[in-house]
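2 protein chains.
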Amino acid sequence: MNQVVDFINVNRDRYIDELKQYLAIPSVSALPQHAPDVRRAAEWTAESLRKAGIQHVELIETPGNPMVYGEWLGAPGKPTILFYGHYDVQPVDPVDQWTSPPFEATVRDGEIYARGSADDKGQVFMHIKAVEACMAAGGALPLNIKFLIEGEEEVGSAHLDDFVRSHKDKLAADVVVISDSPMFDRGIPSICYGLRGLAYFQIDVRGTKTDLHSGSFGGAVANPGFVLAQILAQMKDRSGRIKIPGFYDAVRELSEAERAEWRKLPFNETKYRKDLGAPRLFGETGYSTLERVWARPTFEVNGLLAGFTGEGAKTVLPATSMAKVSMRLVPDQDPDKIAELFEAYLKKVAPKTVEVKLTRMHGGKPWMTEFDNKYVRAAGRAIELGFGKPPVFNREGGSIPVVSTFQTELGLPSVLFGVGLPDENAHAPDERLDLGNFHNGIIASAYLYDEISKL
Amino acid sequence: MNQVVDFINVNRDRYIDELKQYLAIPSVSALPQHAPDVRRAAEWTAESLRKAGIQHVELIETPGNPMVYGEWLGAPGKPTILFYGHYDVQPVDPVDQWTSPPFEATVRDGEIYARGSADDKGQVFMHIKAVEACMAAGGALPLNIKFLIEGEEEVGSAHLDDFVRSHKDKLAADVVVISDSPMFDRGIPSICYGLRGLAYFQIDVRGTKTDLHSGSFGGAVANPGFVLAQILAQMKDRSGRIKIPGFYDAVRELSEAERAEWRKLPFNETKYRKDLGAPRLFGETGYSTLERVWARPTFEVNGLLAGFTGEGAKTVLPATSMAKVSMRLVPDQDPDKIAELFEAYLKKVAPKTVEVKLTRMHGGKPWMTEFDNKYVRAAGRAIELGFGKPPVFNREGGSIPVVSTFQTELGLPSVLFGVGLPDENAHAPDERLDLGNFHNGIIASAYLYDEISKL
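Protein sequence lines correspond, in order, to chains Z and P.
Its first residue numbered 1, the first sequence is counted upward by one per residue in our numbering.
Its first residue numbered 456, the second sequence is counted upward by one per residue in our numbering.
Next comes chain Z alone, as it looks inside the complex (with noise of 0.2 Å):
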């Protein structure tokens, strides 16, 4: 392992120009007018894992984006790694939030800069270059691995559930290893062992054929903005708990043991609030911040839309209005079921003198596993060799919905080993990467992949 660490030490400069490039291709999947650069950012990927040295790399045709799969089986008798990852991006807007353009990667205080630098471009590239390192340093990897990079993560991997289903053969493995979660803080590396679940929604309110003057006809119609933030508002009550009936049905109560763990972890609530920039935090009676983000379900409002919103005034009562809404999942609830009492409860608080209209968008399961099997644990021991120090056990806020579809349709355990930090803006403006975790994170994946080969 000195060599394959000599060999990343050495090649630190070049990765951060590897990465630069293949961060410049604006792969934004939720966009169409993106769509040929999402198919250059799987060929991209896929030639990056053709010269780091894995046998066989194909671009796999779904109705949506390419998968891109590799497979070095060069181990025999050893475990194999399916590893997962996606090389699609978040849209950049309000892109005049950026300090710098979102594809154009620049470096500042020894991070990097770009949309996708931490979530996820950046964290797939630090498997690829730990697969270089091991070939370059020895010629051949400790272990079996299989790679499968796709192109739709942040549009609700629309292709991925039966790709899987029907490449149970092709990815058949032992453990699966993700690396598309932030670390608990920065210096305190994590193993997250959990992750929220998700359903997002879109609401159109239609009150009348067209805008109409809101001097000629206001009082007599209902305003679909009004009756819009009239029904968002009946969806969480004032102590930030939401309303619709049975949703809370499923949701697995916090046991004490977890909470008190929870407590020791180093979180200064104060910092986190002023990092934030946010007068107050404010969520759930009754839970901490980080009971908040990691084990409570949330109702979000992801945008609004409605009438005139440019500069200046318009007295015009808009015909329609729209509301992106999401919630975040926990275990066990089922974001199918989840859909279900939203709509019914939607259905019951919208005026009848509106039309509203529900569209389900994407929605994925909650997950959560046991922290003491052996590949967590193996993967402990390479992120302190990679860092310096043992890592935390956390859960995370965000959503993998494909870490439960392993779960159910391969029957395999995932390890999630992110070297993201969680103010690092993913979906944000200023998404970062810190180019000292992304080197340690190159390290401390390639320790993985020896220390695997050991179990």
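There may be inaccurate statements among the hints.
[Stated by the list, open to error] Covered by chain Z, according to a simulated footprint, are these stretches of chain P (three or more residues, beta-carbon under 8 Å): (1) 541-553; (2) 664-670; (3) 756-766; (4) 775-786; (5) 804-818; (6) 843-853; (7) 880-887.
It should be emphasised that the hints constitute simulated quantities derived from the structure, not laboratory data.
Ideal Cβ placement from N, Cα and C applies to all residues, glycine included.
With chain Z fixed as given, assemble chain P onto it according to the hints.
Here is chain P on its own, set in the frame of chain Z:
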């Protein structure tokens, strides 16, 4: 007057061609990029006054858009009319909902479709053509007339009050005539004796420094989109009553006599609802639709914006949210007082978890007059001569704040002589003006000069 009417009938088609040119100028006062177009519309208005035979025409600069002023004072001893109108227009978005381009006036089924056709270029032009016809037929007008046509009506007439106050001699007259309101219904000409006022605001909510990932942070901080919905929902109760404390204190209640008059008006609620395409009508409990629109104040959402509003899904917690809201006011509510009450209530209902900023956009006082004054009666006769039937007397839900200014500053009564139709989409896509009403309106305007000259 026969010669005048003959002239108007002969020139019918030419008027429409000229009006098309006027409507082709995108004089949108709310959008800074249209400033040159606004000026061009002012110059076009001035030139058409000159061509009509108005002796003295000038553009008068203000800190905003220029006023077009014109006067013909060739009838000493006769009354003087001050005609007020505006050459600016509303924005055109959503532009994709227009059947034909908003600045390419198109005639379909006897109606001319274009932004500004009804509000207010078409009605301004009607008076200019009436002057032209009187001049052509008799070489003179039967009375004195002053034109004051401004370019900021759609953005709150910011500089009009000052202008009127500092030009009292220039604007001295006997009566103000304004054609900027609809008639009661197709085939039912009307004289409007009351207008609602306006108080328009923008609410900006900030939760955090930047947009956040709804997974990593959802549950820990207040969501500005949701908070905005909560705030707005507290502005009205389920019966449609506004909850701002003190809001109704100055509202003049409808008299039983007035309510009885309005019940006699030929108003078909089912047709009205169907024309608007609303599933149901909705408004304040205890009042009829006409009462709600003409004599009751409103709170309306004019615009909403937060987070991700594009196609697809983005799991973002928006950093900010924005609402444009406005209230229509009735006698004797005062927009400044209402703004204070609103600001105090907003402060009370806004949670401390976010920053809330209120911007006062513009306001205008409500207005109401006795409808048995001699000018209103003269206008009634003119309408009967132009449209072949006597007008009904109604109030209007819209606002023409200048009416109140003319009353206060110049001590002048106003005659609201509108020939638009209530379904002509002023402020909405497919704004239009009925060309029959436009034509009859020119004739009625000429009769109006004649009738007032006899007083």
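Structure-based check of all given hints:
Requiring three or more residues with a Cβ within less than 8 Å of a Cβ of chain Z, the coverage given for the region 541-553 of chain P holds, as 5 such residues are present. Against chain Z, the region 664-670 of chain P contributes 7 residues with a C-beta closer than 8 Å to a partner C-beta. That satisfies the three-residue criterion, and the hint holds. With a cut-off of 8 Å between beta carbons, the region 756-766 of chain P has 11 residues touching chain Z; three or more are needed, and the interface restraint holds. Given as covered by chain Z, the region 775-786 of chain P passes the check, having 6 residues with a CB less than 8 Å from a CB of that chain where 3 are the minimum.
Only residues whose C-beta sits within less than 8 Å of a C-beta in chain Z count toward coverage, and the region 804-818 of chain P has 7 of them, enough to reach three; the restraint holds. Check result for the region 843-853 of chain P against chain Z: holds, 3 residues qualifying (beta carbon to beta carbon below 8 Å, three or more required). Proximity of the region 880-887 of chain P to chain Z, defined as three or more residues with a beta carbon under 8 Å from a beta carbon of that chain, is established by the 6 residues found.
Hint violations for this structure: none, all hints satisfied.
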